[in-house]
Amino acid sequence: QKEVEQDPGPLSVPEGAIVSLNCTYSNSAFQYFMWYRQYSRKGPELLMYTYSSGNKEDGRFTAQVDKSSKYISLFIRDSQPSDSATYLCAMKGTGRRALTFGSGTRLQVQP
Amino acid sequence: EAQVTQNPRYLITVTGKKLTVTCSQNMNHEYMSWYRQDPGLGLRQIYYSMNVEVTDKGDVPEGYKVSRKEKRNFPLILESPSPNQTSLYFCASSLGGGAGTDTQYFGPGTRLTVL
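As given, the protein sequences belong to chains S and A, one line each in that order. For the first sequence, the positions run 1 to 111 when this note's numbering is used. For the second sequence, the positions run 1001 to 1115 when this note's numbering is used.
Any given hint could be a false lead.
Derived pair list, reagent style BS3-like, types lysine-lysine, alpha-carbon separation capped at 25 Å [as the list claims (entries may be wrong)]:
{"id": "1", "chain 1": "S", "residue 1": "K2", "chain 2": "A", "residue 2": "K1018"}
{"id": "2", "chain 1": "A", "residue 1": "K1065", "chain 2": "A", "residue 2": "K1018"}
{"id": "3", "chain 1": "S", "residue 1": "K67", "chain 2": "S", "residue 2": "K2"}
{"id": "4", "chain 1": "A", "residue 1": "K1057", "chain 2": "A", "residue 2": "K1071"}
{"id": "5", "chain 1": "A", "residue 1": "K1057", "chain 2": "A", "residue 2": "K1069"}
{"id": "6", "chain 1": "S", "residue 1": "K2", "chain 2": "A", "residue 2": "K1069"}
No wet-lab data here; the hints were simulated from the structure.
Please work from the sequences and hints to get the whole structure.
Printed below as a string of structure tokens:
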């Protein structure tokens, strides 16, 4: 079983929809939770991060972490065609040097 | 402009022919790493380096070598490539390990095909 599970999609939504992207994980030592966005033929770029449990909002994006359920989410409000990309969750424990990535969810926002 | 560069961007080679993928960063970052990205498997770390002359294995190091002789450069070496190393490779750098506010910057990727 993978440490981090993420539905690969593709997820197709109309412009303006609310998008929910999720990851589950099994390692209770994870403390840092990140979301990366990867456009086609580009490297991933950091979108948001959260430390431990809770919510964090940045413009149209909200990241949520529920450590009791080992579940993290990224919500995108008022989705735009420019949001079409692959979204990767990533996690890290305090002692572990490497990030553990999910396999990514491909999102398509239709105009 | 802060960036991580990789070369080449695309490479087709044959089994057993040694190759090197270069990586360079201009942000004076201590930490650099190499990942491979495969469908359904996500990004998996191959090797990382905490500083000059300090390297360590990631999750999938078999068949790869790295070196860190200068802070800005972190080349990935495949001494005898095999078809199962066909993948998309990313170099990344950060101040520390790339968690929280310590943003990990990724290069544009190198698509390698081993025939």
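Hints, one by one, checked against the model:
1. S:K2 with A:K1018: 32 Å, violated
2. A:K1065 with A:K1018: 11 Å, holds
3. S:K67 with S:K2: 17 Å, holds
4. A:K1057 with A:K1071: 18 Å, holds
5. A:K1057 with A:K1069: Since the Cα atoms of K1057 of chain A and K1069 of chain A sit roughly 17 Å apart, the hinted pair holds (cutoff 25 Å).
6. S:K2 with A:K1069: Violated - the C-alpha atoms of K1069 of chain A and K2 of chain S are around 34 Å apart, more than 25 Å.
Hints 1 and 6 from the earlier list are contradicted by this structure; the remaining hints agree with it.
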